[in-house]
Amino acid sequence: MLKRTPLFELHQKLGGRLVEFGGWEMPVQYTSIMDEHQVVRKAAGIFDISHMGEVLVSGEGAEGFLNHVLTNDIRKLAAGQGQYTLMCNERGGVIDDLYAYRLAPAEYLLIINASRIDDDVAWLQKQLAAFPKRDSVKLQNTSDETGAVALQGPRVVEFIDQCFPGPAVGGTDVARVSELKKNEIARFDFGGKPVWVSRTGYTGEDGFEVVSPADVIGAVWSKVLTIGHQYCLQPAGLGARDTLRTEVCYPLYGHELDEQTTPIEAGVGFFVALDKGEFIGRNVLAEQKANGTGKKCVAFKMTDKSAPPRPHYPIWSASGTGPIGEVVSGTQSPSLGIGIGMGYVKSEFAKAQTPIEIEIRGRRAPAVVVPKPIYRKAG
Amino acid sequence: MSNIPSDLKYAKSHEWVRVDRDTATIGITDHAQHELTDVVFVELPEVNRQVKAGDACAVVESVKTASDIYSPVSGQIVEVNKAVVDNPALVNTEPYGGGWFYKIKLSQAGEVNSLLSPEQYKGQVGG
Chain G
1 MLKRTPLFEL HQKLGGRLVE FGGWEMPVQY TSIMDEHQVV RKAAGIFDIS
51 HMGEVLVSGE GAEGFLNHVL TNDIRKLAAG QGQYTLMCNE RGGVIDDLYA
101 YRLAPAEYLL IINASRIDDD VAWLQKQLAA FPKRDSVKLQ NTSDETGAVA
151 LQGPRVVEFI DQCFPGPAVG GTDVARVSEL KKNEIARFDF GGKPVWVSRT
201 GYTGEDGFEV VSPADVIGAV WSKVLTIGHQ YCLQPAGLGA RDTLRTEVCY
251 PLYGHELDEQ TTPIEAGVGF FVALDKGEFI GRNVLAEQKA NGTGKKCVAF
301 KMTDKSAPPR PHYPIWSASG TGPIGEVVSG TQSPSLGIGI GMGYVKSEFA
351 KAQTPIEIEI RGRRAPAVVV PKPIYRKAG
Chain F
1 MSNIPSDLKY AKSHEWVRVD RDTATIGITD HAQHELTDVV FVELPEVNRQ
51 VKAGDACAVV ESVKTASDIY SPVSGQIVEV NKAVVDNPAL VNTEPYGGGW
101 FYKIKLSQAG EVNSLLSPEQ YKGQVGG
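Chains as they are written, first to last, in the numbering used here: chain G, 1 to 379; chain F, 1 to 127.
Keep in mind that the hints were calculated from the coordinates and are not lab data.
Be careful, since some hints might not be right.
[Stated by the list, open to error] Straight line, CA to CA, 27 Å or less: simulated DSS-like cross-link-like pairs of lysine-lysine: (1) F/K122 with G/K305; (2) F/K52 with F/K122; (3) F/K12 with F/K122; (4) G/K13 with G/K182; (5) G/K295 with G/K42; (6) G/K301 with F/K103; (7) G/K301 with G/K3; (8) F/K82 with G/K13; (9) G/K42 with G/K182; (10) F/K12 with G/K305.
[Said to hold, decoys possible] Simulated restraints on C-beta separations: (11) G/N89 with F/K52: 25 to 33 Å; (12) F/D20 with G/G15: 33 to 41 Å; (13) G/K346 with F/A56: 29 to 37 Å; (14) G/H312 with F/R18: 31 to 39 Å.
Idealized CB from N, CA, C, for every residue including glycine.
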């Protein structure tokens, strides 16, 4: 039985096409992926991300515990700030990638992938049981009681303050939502209920993500749609979310990341703070940062018109001596009008401008390794 | 509700067939294009290729997926629609017109009789 978010019936009413994603029944699109993609790049889109998981970690030992299980340095966060980070096993393989927010001095919110909630919580509980200061750390999986939406696109900032009137009552101390800077989070009063709003997203556009109790998220969604209407806001599905994140090369768990792949191989070593001291996976990651890895995740663009690249298509070197890797994400880029993707290749082929070939149904089509992100906003 | 022209025959796998004497034109239905969503790439068979009914002989790709197109009838490919290769969106905008895929010289004319009528196809897609 697929799980449904609190917004399921609203998606049905809007004519959303519902598909399975990570055990959830989610809207892949409402009108068309192309339209929704362009709307987010040019104006504003709202996404249901209630399927994502939320874990609250609190108590005097929370900071030390999170710095032990996560790769980024959580001590860099003041209350009201968030950071992208990863959770690794002892081999440096990625259990999940996530956002960690410091809501209050001794209270953290982790936003984790929908498909990884059970694995993450089991891992965190196991690590906590072995953590010396376990009695001063409280771990709560609030995924089922929590809803979330993402408002993304250049025009969101024009109406976000009407949706969640300020001032903030927790987190970063701002008079209104639009004063939040990138990666900052604040709590606002929404008809007597608490909503957390952060300036973050997964599209490469400016935008905000809103986390609320599950029974409030329907009211949040409806209010944002009503106010956003005159700013060209449209609901957008997981299809557009995927093409948007692929253009800006954000990893998606199960594609760029898995338990057999390290953050260094995936190209997100920037979020591995080797200088913070011990943490799980550190030995392998330090060794890889120093000596390099056998494979690397690269971005590529097709050089001619071709069928779109897809996950699992083999990647060849242009000299054609044999496969050198495999595509992990691929699509037609709605912004660029050409096939794009990411894939793992042997490291000697990872340099930008290296010509490669993508094998599509038995035929090889020319492509080129490009710097990340593949798409960058003009100006 | 999808458009199902009354002068065409249909395959269960959502192709349409327009028969003109010994030649048939093949495309995909309005229902199929709607299900596929934005078509971004079309790959057509080579001219002169012999195909059997049920053979996968073309591919249509949307942003999300690649789908095989099966020839509803047997014969020899005599013409392919270069315009739809250059502008795959024609599959979405004119599925029964400019979005046609190929023309085939029928080798088993009787096969046409076992294709679905517009009413039968309508029953299948619930249109």
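Practice task
Tell me, in ascending order, the numbers of any earlier hints that this structure violates.
Solution key: 1, 4, 5, 6, 7, 8, 10 and 11
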